[in-house]
Each structure stands twice: as structure tokens, then as C-alpha cells.
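All chains, please: the whole structure from these sequences, using the hints.
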Amino acid sequence: MSYEFFFNSIEQFLFIISKKGEILKANEYVIRKLDYSMSELKRVNFLDLLELEGTINNPIISTIIQEDRDSFECVLRGKDKITYPISIKIQKGSWSDKEIFYCIGKDRTLEEEIEKIKANVYAILDNVPEYIWLKDLEGNYLMVNKAIEDHSGLPSSEIIGKNDKDFFDENIVQQMRKNDLMVIKSKKPTILEQQVMIEEQKTYYEVSINPVIDKKNRVIALTGITKDITKEKENELEKIKATKESERANQIKSQLLGYLSHELRTPMNGLIGFIELFSKTDINSEQEYYINQVKKVIDSLNYLLNDLKDITLIESKQLKIEHNVVDIYELIYDTLESFRIQLKKKNIKLELKVGKEVPKYICTDPIRLKQVLNNIISNAIKYTTEGTIYVRVIKKSDNDHLETFSFKVIDTGEGIHKEILPQIFDPFVKDSKKSGLGLGLNIAKEIVKLLNGEIKVRSSVNRGSVFTVTLKTKKINQDTIHSNHKATQGEISIEKNKYQLLLVEDVLFNQKLQRKMLEKLGYTVEIANNGKEAIQMCSENVYDLVLMDCQMPIIDGYEATKIIKSILGLEDIIIIAMSANVFEEDIKKCYAVGMDDFISKPVRMDQLDKTIKKWLKTKQDT
Numbered sequence: 001m002s003y004e005f006f007f008n009s010i011e012q013f014l015f016i017i018s019k020k021g022e023i024l025k026a027n028e029y030v031i032r033k034l035d036y037s038m039s040e041l042k043r044v045n046f047l048d049l050l051e052l053e054g055t056i057n058n059p060i061i062s063t064i065i066q067e068d069r070d071s072f073e074c075v076l077r078g079k080d081k082i083t084y085p086i087s088i089k090i091q092k093g094s095w096s097d098k099e100i101f102y103c104i105g106k107d108r109t110l111e112e113e114i115e116k117i118k119a120n121v122y123a124i125l126d127n128v129p130e131y132i133w134l135k136d137l138e139g140n141y142l143m144v145n146k147a148i149e150d151h152s153g154l155p156s157s158e159i160i161g162k163n164d165k166d167f168f169d170e171n172i173v174q175q176m177r178k179n180d181l182m183v184i185k186s187k188k189p190t191i192l193e194q195q196v197m198i199e200e201q202k203t204y205y206e207v208s209i210n211p212v213i214d215k216k217n218r219v220i221a222l223t224g225i226t227k228d229i230t231k232e233k234e235n236e237l238e239k240i241k242a243t244k245e246s247e248r249a250n251q252i253k254s255q256l257l258g259y260l261s262h263e264l265r266t267p268m269n270g271l272i273g274f275i276e277l278f279s280k281t282d283i284n285s286e287q288e289y290y291i292n293q294v295k296k297v298i299d300s301l302n303y304l305l306n307d308l309k310d311i312t313l314i315e316s317k318q319l320k321i322e323h324n325v326v327d328i329y330e331l332i333y334d335t336l337e338s339f340r341i342q343l344k345k346k347n348i349k350l351e352l353k354v355g356k357e358v359p360k361y362i363c364t365d366p367i368r369l370k371q372v373l374n375n376i377i378s379n380a381i382k383y384t385t386e387g388t389i390y391v392r393v394i395k396k397s398d399n400d401h402l403e404t405f406s407f408k409v410i411d412t413g414e415g416i417h418k419e420i421l422p423q424i425f426d427p428f429v430k431d432s433k434k435s436g437l438g439l440g441l442n443i444a445k446e447i448v449k450l451l452n453g454e455i456k457v458r459s460s461v462n463r464g465s466v467f468t469v470t471l472k473t474k475k476i477n478q479d480t481i482h483s484n485h486k487a488t489q490g491e492i493s494i495e496k497n498k499y500q501l502l503l504v505e506d507v508l509f510n511q512k513l514q515r516k517m518l519e520k521l522g523y524t525v526e527i528a529n530n531g532k533e534a535i536q537m538c539s540e541n542v543y544d545l546v547l548m549d550c551q552m553p554i555i556d557g558y559e560a561t562k563i564i565k566s567i568l569g570l571e572d573i574i575i576i577a578m579s580a581n582v583f584e585e586d587i588k589k590c591y592a593v594g595m596d597d598f599i600s601k602p603v604r605m606d607q608l609d610k611t612i613k614k615w616l617k618t619k620q621d622t
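Using the UniProt record's numbering, read the sequence shown as starting at 1 and increasing by one per residue.
Everything labelled a hint here was simulated from the structure, so no lab data went into it. Treat the numbers as computed from the prediction; the structure is a model and nothing was measured. Note that CB positions come from ideal geometry on N, CA and C, so glycine has one too. It is possible that part of the hints are untrue.
[To be verified] Here are the in silico distance ranges between beta carbons for each label pair:
hint, residue 1, residue 2, range
1, Ile184, Asn8, 21 to 31 Å
2, Lys418, Ile191, 38 to 48 Å
3, Leu110, Glu4, 19 to 29 Å
4, Arg458, Gln318, 31 to 41 Å
5, Lys178, Leu110, 15 to 25 Å
Now the structure itself:
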């Protein structure tokens, strides 16, 4: 490294002067700071650049040395009234065989600014509970507030001048220094979290580090605020733990409900099937009465099962909506017709009014909208002993893309107490004197949200309640839909005896039931006891449609479907799943292995017939 390079690399005021004060040489720092060129400096006496207290006779350097003033403070002047408070040290030497003096001046501006900062902040920081500090660029503490003294048990005199490494473990010190350097380099404040082990206990801190920047945009120090957030962090971690435990509990609950749903649907399948078969035989009026009573019990159980399924899907965020074009008039009339017997029995009138502006077709999920209306109307009937239930449907507004509809159900029943009203859409909220689980309105609320709508209620005790469902739906072309709808209307007609069906079912009871149902509907059917037999029979015979149970021994319905369609190459064979596993992941699994459709248990004869005819009609047309 050359002398010249070393001389110019020093970031202090460095002069070489003669006894008379002539400037023989100055480093680049001097030239840059004072804004003089070297040739200009050589024409200036060093004394003329200084503002000194008192009078010092020329030659200045000799006088300083003689008076034992090899170090002193003064102000160094540059061009255009630039000044720097400096501390100068003098050292005698020789240069080119001449007696000279080296003058090294240290800029005191940084020190003065830091002292000002310390003086200003000390007055207000000693009563602040957070730990507040000031560091120099090397990481040495220049100031700490009283909170740090109290926390560390050390007076500030034993902290100031020391570094983080004097108080913390090496790994923590490295991270602290890395954070400090990041702020110095970016000149931007940062907020971060630090974890420290104190007496084998985790302590969490939130640290805010800010650069102290002078007028010349230089970072001259760092100031920080350190806050103990251990309690907040522990609370946060407890919440995370509680959330995970809640999610786990919900998962277990969903699994339990799914299991219960499957186990209840299997015997329900037999009960519904044989009741339907029995109702189609020659029966007398008394037997018909008993059958209808059993059907009512079955319907109640079915509603219960569906509510359990839906609440499980809602809690696991798996309830899906399918938007389709629906005849809204037909949907409303079908919904109300299902309550005709109940209304007659309770002697309650029903009044329907649909606004003239309501179009024939809207775009929504017909099954879910019908479910919402069913839940609200059945609730109105349950809590109304006499009077009238009003159903009102209007179109509130529309634009080029959206239509907004309002569905109101108004009853003259018991009404809802104001204490209960805020929780009326919560699960399991119900009158203890009434039957049911109290899930209907909660399910309705969640479905309405998925339908891009909202549900509200107004109520007065002994005067009745008003439930309002507002839906926003995609606007559709009525003329196009009407012509398409007319073209697809009509009963599906097929020659059932032309087709050969295979029923794959391992439970003997279900085999007998479903065979009877299929034969009663006019189909020819053969039986396979499990997936292995189904594969063998499909390889030896020609079947037009297979009704496949999913859970079976030896080979289940999923694996059997894959083998029949892929390995046997029977891609065109229609395979319809029949299962008591009715959750979305179960249905998706059926489609994933190649099944064409899904029928949930308990199976009703009309549903079974409609699905089979739909697929055989497609096969017939192709």
C-alpha cells in the first residue's frame, strides 16, 4: 500500500504545514470538505483557516508546541463560510529534509449532534416503560433509559460504552448486529421480533430500530425501542393452540357425524324401500293410514340426517353451490305444495304473491334455494297455531348483469323474544318445547351467504315474524331459456325390458330390497355380491348399466369400477354409485374412478327410476 494511498484514505482533516503555517500538503478529505483545490490551499496560511480562542502569535505551530498545546479545539473554515468544529492534534516531523508539522483534525460535528440528541431525549424517556437506547455505528451504547437500568439491574454508567456482546449470548449478538447493519445500510427504520432465553424461559421482544440521520443525510447513530411482548406472544400462541384444538375437535365431530350419517342411512334405505314397495300393493285404508304415518317418521329422520350432513359440510367449508337456470314459479309452487297437508291439519292459511316483474327463470342453485325456503316456511308453520302465512316474491332491482330478488315469509305466530333474536341464526337455538335440532335457520343463513345473498328477521312476541331473503343472481336471457326449456320438457320414455342391469351389493337385505324395487320398476337385473364378482360377470356378460355399492369386501366398488372401465376396456358401460357416504369427497371419489353418476342412500324408487332412465335414454339415443 503506497504512502499516497494511505494519506488520502484517512477520513479526517490531515495537513502537512511548515513552521510559518504554510500548507505544504493536504489529503483528499480536506479538499472535499473545505471545497478548496490543493493549489488554492498552498496560497492560504493554515492560521487563516482557524478560528481560535484567545491570541496565538506566529509562527503558530512553534508557539503551540512551546506552550505544550499539541492538542486543542477550534473551528476550521472552508469556502463559502463552511465551518467544522474540530479537535486538532499536532506532531513534529520531517518531510523532504524540512522540519514540518502533521496536523490531524477530527470533526466534532457528530459528537455534538449526538450530545444534543442525548440531552433532548433523556428528559422524557426515564418514565417510559419500554426499553429505549441509543447506539453508535459500532454498536456501543451511548444512552439507555431508566427502564433498561431497572431491567438489567445495572446503572447506566456500567452499560454506556459497552456492546451487546457484553450482555447477550453470541448467537443473539450476531442477529442484533445484523439488524443494526441492515438499518444503517438502508437508512430506513425496521420493526422485528426477537426471542431471548432468560433463566431458561423464553422472552419475546418487539424491537423498533431507527436510523439517526444528520443534515447531510448521513447515519450517525441508531436509536431503538424494545418492548417486552412475552404476554402478548403467549396469548397469541395459546390462541393458535386453541384454534388447532378446535379444528381437530371439528374434524373429529365431522368424522363422527359422517359415520353416524352412513350408519343411519343404511337401515333407513331398507325402511324406505320396503315401505314404498308395500304402498304399491293392494292395501286397505287402515294400512294406508299406517303407511303414511311411517312415511312421516321417515321424512323426519331424513330431514335430521340431511341437517347433520349439511352442518358438517358447512363447518368444514365443503358445502358447494351449483348455479343453474331454474323456473322460479315452479320451484315456489313445488315448495309450497309440500306443506299443503301440514297447513290443512293446523288450519293455517297460506297466501302467495309474486310480483309481475319477477321473470319466469332465474340463475341460482334450485336445490339449495328450495332448502332455504323449506327451512323458513317449516319454521313459520311450527310456531304458528292459527292465522295466515304470507309468502312474497319481488324483483327489487336489476342492471345489465345482475338481478336482485326478495323472498319474504311472514307469519302471525308466536314471534321471537328480543333476547333470543340476535342468536336466532346460531346452531342449536330453538324452543325447548318444539321438536328438531335447531339447525334449520343456521343452515339457511349459511346457504344464503353462498348464494350471494343475505337473510334478515324482524319479530314481535305474539304478533309474528318476518324473514327476508335477498339474493343477487346473474341476469339471463328469458327468451333463449324459454325455448330451450320447452325443447327439454317431457317424460323420458324407454323400453325397459331391452336393457340388462347388474346390481353390485354385498348386504343380502339390500340386495333383496333393491332387486324388488328394480323389478317393480320394470327392469331386468342380476346380482353380484362384491366387486370381484362384478368384474367376473362384466367380463362374461353384456350389461347396459351397473348399480355399484362402494364399500364391499374383497374388492370395493371404487377398485371394481377402475378395473371394469380400464383393464376390461368397457369404457361405455354406465356405472352408477349407490352409497350411504354422501359427503362431497365421497362423491368426488366416485367420479374420479370413472363412475358416471351417484345416488345417495336411502334410495327412493322415483329417484332411482329417474336416474336410470336418464342414462339409458342417453345410451338409446347414441
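Taking the beta carbons of Arg458 and Gln318, is their distance inside 31 to 41 Å? holds, 32 Å
Lying within 38 to 48 Å: is that true of the beta-carbon distance Lys418 to Ile191? The hinted range 38 to 48 Å holds for Lys418 and Ile191, with Cβ atoms some 46 Å apart.
State, for the Cβ atoms of Lys178 and Leu110, whether the hinted interval 15 to 25 Å holds or is violated. Hint holds: Cβ distance 24 Å, inside 15 to 25 Å.
For the range 21 to 31 Å, tell me whether the beta carbons of Ile184 and Asn8 fit it or not. For Asn8 against Ile184, whose Cβ atoms are near 24 Å apart, the range 21 to 31 Å holds.
Assessment of proposed distance window 19 to 29 Å (beta carbons of Leu110, Glu4): With a Cβ separation near 27 Å, Leu110 and Glu4 satisfy 19 to 29 Å, so the hint holds.
When the structure is compared with the earlier hints, no violation turns up for any of them.
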